[in-house]
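Build out the structure end to end from the sequences listed, making use of the hints.
Protein sequences, first through last, are from chains A and B.
The first sequence begins at 1 in the numbering used here and counts up one residue at a time.
The second sequence begins at 383 in the numbering used here and counts up one residue at a time.
Since the hints were made in silico from the structure, they are not lab data.
What you are looking at is a predicted structure, and each value in this text was computed from that prediction instead of being measured.
A hint or two may mislead.
A short list of chain B residues far from chain A (calculated; beta carbon distances all over 12 angstroms) [unchecked claim]:
id: 1; residue: Ala400
id: 2; residue: Pro530
id: 3; residue: Leu591
id: 4; residue: Leu610
id: 5; residue: Ala680
id: 6; residue: Leu688
id: 7; residue: Gly703
Computed spacing ranges between beta-carbons, pair by pair [stated by the list, open to error]:
id: 8; chain 1: B; residue 1: Gly574; chain 2: A; residue 2: Ser222; range: 25 to 35 angstroms
id: 9; chain 1: A; residue 1: Gln121; chain 2: B; residue 2: Gly574; range: 19 to 29 angstroms
id: 10; chain 1: A; residue 1: Arg342; chain 2: B; residue 2: Asp710; range: 23 to 33 angstroms
id: 11; chain 1: A; residue 1: Arg342; chain 2: B; residue 2: Tyr454; range: 50 to 60 angstroms
id: 12; chain 1: B; residue 1: Asp606; chain 2: A; residue 2: Asp99; range: 52 to 62 angstroms
id: 13; chain 1: B; residue 1: Thr637; chain 2: A; residue 2: Gly297; range: 45 to 55 angstroms
id: 14; chain 1: A; residue 1: Ala17; chain 2: B; residue 2: Asp710; range: 35 to 45 angstroms
id: 15; chain 1: A; residue 1: Gly250; chain 2: B; residue 2: Asp602; range: 34 to 44 angstroms
id: 16; chain 1: A; residue 1: Pro352; chain 2: B; residue 2: Gly532; range: 56 to 66 angstroms
id: 17; chain 1: A; residue 1: Asp370; chain 2: B; residue 2: Glu692; range: 50 to 60 angstroms
All C-beta atoms, glycine included, are put in the ideal place defined by N, C-alpha and C.
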Amino acid sequence: MTATPALDLPALVRDRATRVVVTCGSGGVGKTTTAAAIALLGAESGRRTVVLTIDPARRLAQSMGLVELDNTPREVAGLEGAAAGRLFAMMLDMKRTFDDVVVEHATPERAEQILANPFYQSLSSSFAGTQEYMAMEKLGQLAAMNEWDLIVVDTPPSRSALDFLDAPQRLGRFLDGRMIRIITAPARAGGRTGLRVVTVGIGMFAKVFSRVLGSDLISDLSAFVSALESMFGGFRQRAEQTYELLKTPGTSFVVVASPEPDALREASYFVERLSAERMPLAGVVINRTRRTAAVPGAPALPAARAEVALAQLHGDEPAARLAAMALRVHCEVATAAEHDARMAERFRTAHPDVPLVGVPALPADVHDLDGLRRIGELLTPS
Amino acid sequence: MPRNAIAAPILRDGFPAAARLHVVTGKGGTGKTTVAAALGLAIAQTGRKVLLVEVEGRQAIAQLFAVPALPYEELRLATHGGRGSLWGLAIDAEEAMIEYLDMFYRLKRSARGLKRMGAVDFVTTLAPGLRDVLLTGKVKEAASRTDPDGHPSYDAVVLDAPPTGRIAKFLDATKEVAGLTRFGPINRQSVGVIELLHAPRTVIHLVTLLEEMPVQETLDAASDLASLGFHLGAIVVNRARPDLISDDLLDAAGTIDAKLLAAGLRRAGIPTSAAHAAALAAEVEEYAQRQRIQRENAARLDTLTLPRVELPDLNPPVDLGELNRLADCFLVPASELGP
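Take a look at the structure:
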């Protein structure tokens with residue numbers, strides 16, 4: 001058996017063959033910061049890089065020193081190194097991206113109808129999969145521009161990392177689905193032949209929904225669905241194209257986790273899923289790994305050993321007080337480090353082939369390029 | 383029933399005994415599910431029957447209590463003698479919709495048929511707020527249900543709610559859908575849910591870490607929720623690191639005297655104390671920096687004037703024994719109780 005390979009992200013983003021890096025993982029693991037640090041690594045290695053974030057908290061904006069992010073890539077100033085390329089950052093405007101898709105795929109008259117429909121407004125601004133779907137759409141657009149050497153995509157803060165892969169298909173299935181056919185069937189049948197074709201399914205649907213939702217709602221809905229129908233083909237085709245792009249060798253997925261059971265469980269699911277879908281996984285970053293300080297020429301004191309030493313200390317002269325404080329701190333740090341190492345080890349043995357890199361927990365949040373650069377260094381395997 | 387010699391525990395300030403519904407939210411990664419479970423256990427320890435509810439389809443309750451995935455029904459998770467017990471429920475929007483159609487319209491058979499056709503998925507997709515309406519509707523049903531004898535089925539319901547970024551939208555989804563369906567039975571049903579969630583008997587607790595982003599989200603959520611007319615309960619500070627630093631042992635630059643430390647370590651029987659002293663000095667200095675950040679963030683939370691509960695970092699995975707330890711943090715310590 002060979003040891004688990006180390007994940008070398010700086011080498012990955014330097015590689016000219018790498019065109020797209022997608023970071024994914026559950027919420028609260030530092031995904032956005034990791035994406036920004038990866039993008040900075042790429043840009044400072046000389047590549048023209050754009051990073052796309054979807055996070056409404058605008059955290060990336062802060063860490064990049066940008067005041068505002070919108071659907072247009074904005075250049076980030078302050079890159080270092082003689083070979084530095086350029087770095088751009090942007091935040092996804094979900095609704096605008098969706099509107100653009102509608103405008104592109106429908107006649108002006110139709111598009112206007114769709115954009116004004118209350119159901120479209122609800123779907124485009126709050127459907128649980130729209131964000132993911134539009135992130136994919138935007139990625140597809142960026143990739144098609146041929147303007148970028150490297151595109152780094154930060155995925156939406158989903159409940160489950162898997163939503164990101166499923167949502168575009170779910171939306172596609174929904175827009176192309178049986179219910180849509182049923183709901184538009186009376187209109188189509190009426191329009192074409194003047195015959196009323198009412199199947200058992202439609203009857204049941206109409207009965208339940210007009211009773212529960214009221215008939216106004218049904219007619220709004222029916223109008224929306226009929227208007228959208230002309231776009232079905234386009235929607236599905238684009239979703240499929242982007243999905244295929246994700247499978248190409250130029251794409252790499254980076255799964256981000258923290259050394260906690262929930263985050264690692266999500267990471268495991270994602271690793272399995274990527275492998276099942278034959279999506280290229282670069283590896284896993286475990287952020288916020290707590291570590292003891294290295295002792296030259298000796299292993300760190302185990303927490304239990306520090307406790308024994310602590311019991312030897314009496315008196316309140318400064319040397320004893322200082323040593324007692326340091327040993328108490330070390331017990332706390334070593335216990336946490338032992339826990340985090342155990343968590344990482346558990347993941348490693350479950351996925352022996354997946355490259356891993358652990359990033360130490362930083363005392364303070366990252367706010368600027370220096371902080372991102374520091375993370376870039378920590379992402380470099382020793 | 384034998385009289386209990388020991389007085390029943392009492393919940394801390396911020397967790398009013400009269401509260402029927404406790405909503406627990408927090409930024410992703412702050413451990414709100416664990417907090418919700420510990421709070422549920424604490425309330426059960428005060429002799430009440432408590433329902434712990436999750437709504438995000440993660441089966442997080444089952445994971446925490448090491449039981450098989452919860453079906454769409456209420457199962458007992460823990461008991462505390464007498465009435466004190468904790469029950470768990472994982473609400474699924476589809477099942478909630480079928481139950482709802484059956485309850486209000488006696489349409490169970492049609493509802494099952496619609497589910498097979500994908501109609502439920504369709505409707506909850508198209509009107510995304512509807513999913514949240516179904517989930518909050520079921521929470522309301524559980525919180526206001528009564529037994530045949532007229533007593534409430536549960537004394538309290540603890541909801542492991544969506545994260546702070548989504549909480550206001552989740553709780554007020556009913557208002558939005560009430561707008562889409564201006565007439566009809568859904569509109570009527572909505573009113574009851576809106577009333578319960580905004581009533582003083584519903585309190586919202588915010589879980590945070592003493593880090594910058596979680597504290598910022600907590601402050602934002604607190605002001606949003608308050609302006610929407612919700613009642614806030616307590617701030618739960620999770621995974622607080624213990625205060626171990628004596629400031630007088632650090633110099634003004636935040637560093638410590640490594641030679642003095644080496645001397646102290648020698649006395650404590652640590653060999654090669656100089657090498658260890660350098661490492662431990664680095665750890666102390668970093669820990670002190672974290673401690674300062676932790677204090678600054680705690681101070682930022684002071685602007686909220688809400689009661690605060692601190693939970694220690696138990697280094698997950700958390701098991702039932704550890705959950706009970708966390709539960710104790712929600713209770714007034716025996717030493718502070720009167721005779």
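Here's how the hints hold up against the structure:
For Ala400/B, the shortest C-beta to C-beta distance to chain A comes to about 32 angstroms, beyond the 12 angstroms cut-off, and the non-interface label holds. For Pro530/B, the condition that its CB be more than 12 angstroms from all CB atoms of chain A holds, with the nearest at approximately 29 angstroms. Distance check for Leu591/B against chain A: the nearest CB is about 9 angstroms away, which does not clear 12 angstroms, and the non-interface claim fails. Every C-beta of chain A lies more than 12 angstroms from that of Leu610/B, the closest at about 17 angstroms, which supports listing it as non-interface.
Every C-beta of chain A lies more than 12 angstroms from that of Ala680/B, the closest at about 15 angstroms, which supports listing it as non-interface. Once the 12 angstroms rule is applied to beta carbons, Leu688/B is consistent with being away from chain A; the minimum gap is 22 angstroms. Every CB of chain A lies more than 12 angstroms from the CB of Gly703/B, the least distance being 16 angstroms, so the non-interface label holds. The hint said 25 to 35 angstroms for the Cβ distance between Gly574/B and Ser222/A, and at roughly 30 angstroms that hint holds.
Between Gln121/A and Gly574/B, the C-beta spacing of about 27 angstroms keeps the proposed range 19 to 29 angstroms intact. At roughly 25 angstroms, the beta-carbon separation of Arg342/A and Asp710/B lies within the given 23 to 33 angstroms, and the hint holds. Hint check: Arg342/A to Tyr454/B, Cβ distance near 35 angstroms, so the stated range 50 to 60 angstroms is violated. Range check, Asp606/B to Asp99/A: Cβ separation about 27 angstroms, and the 52 to 62 angstroms hint is violated.
A beta carbon spacing of about 23 angstroms between Thr637/B and Gly297/A contradicts the range 45 to 55 angstroms that was offered as a hint. A C-beta distance of roughly 56 angstroms is found between Ala17/A and Asp710/B, which places it outside the suggested range of 35 to 45 angstroms. At about 39 angstroms, the beta-carbon gap between Gly250/A and Asp602/B stays in the expected band of 34 to 44 angstroms. Checked against the hint of 56 to 66 angstroms, the pair Pro352/A and Gly532/B passes, with Cβ atoms roughly 60 angstroms apart.
The hinted window of 50 to 60 angstroms between Asp370/A and Glu692/B is violated, with their beta carbons roughly 32 angstroms apart.
Violation of the numbered hints given earlier is confined to hints 3, 11, 12, 13, 14, 17; the remaining hints are satisfied by the structure.
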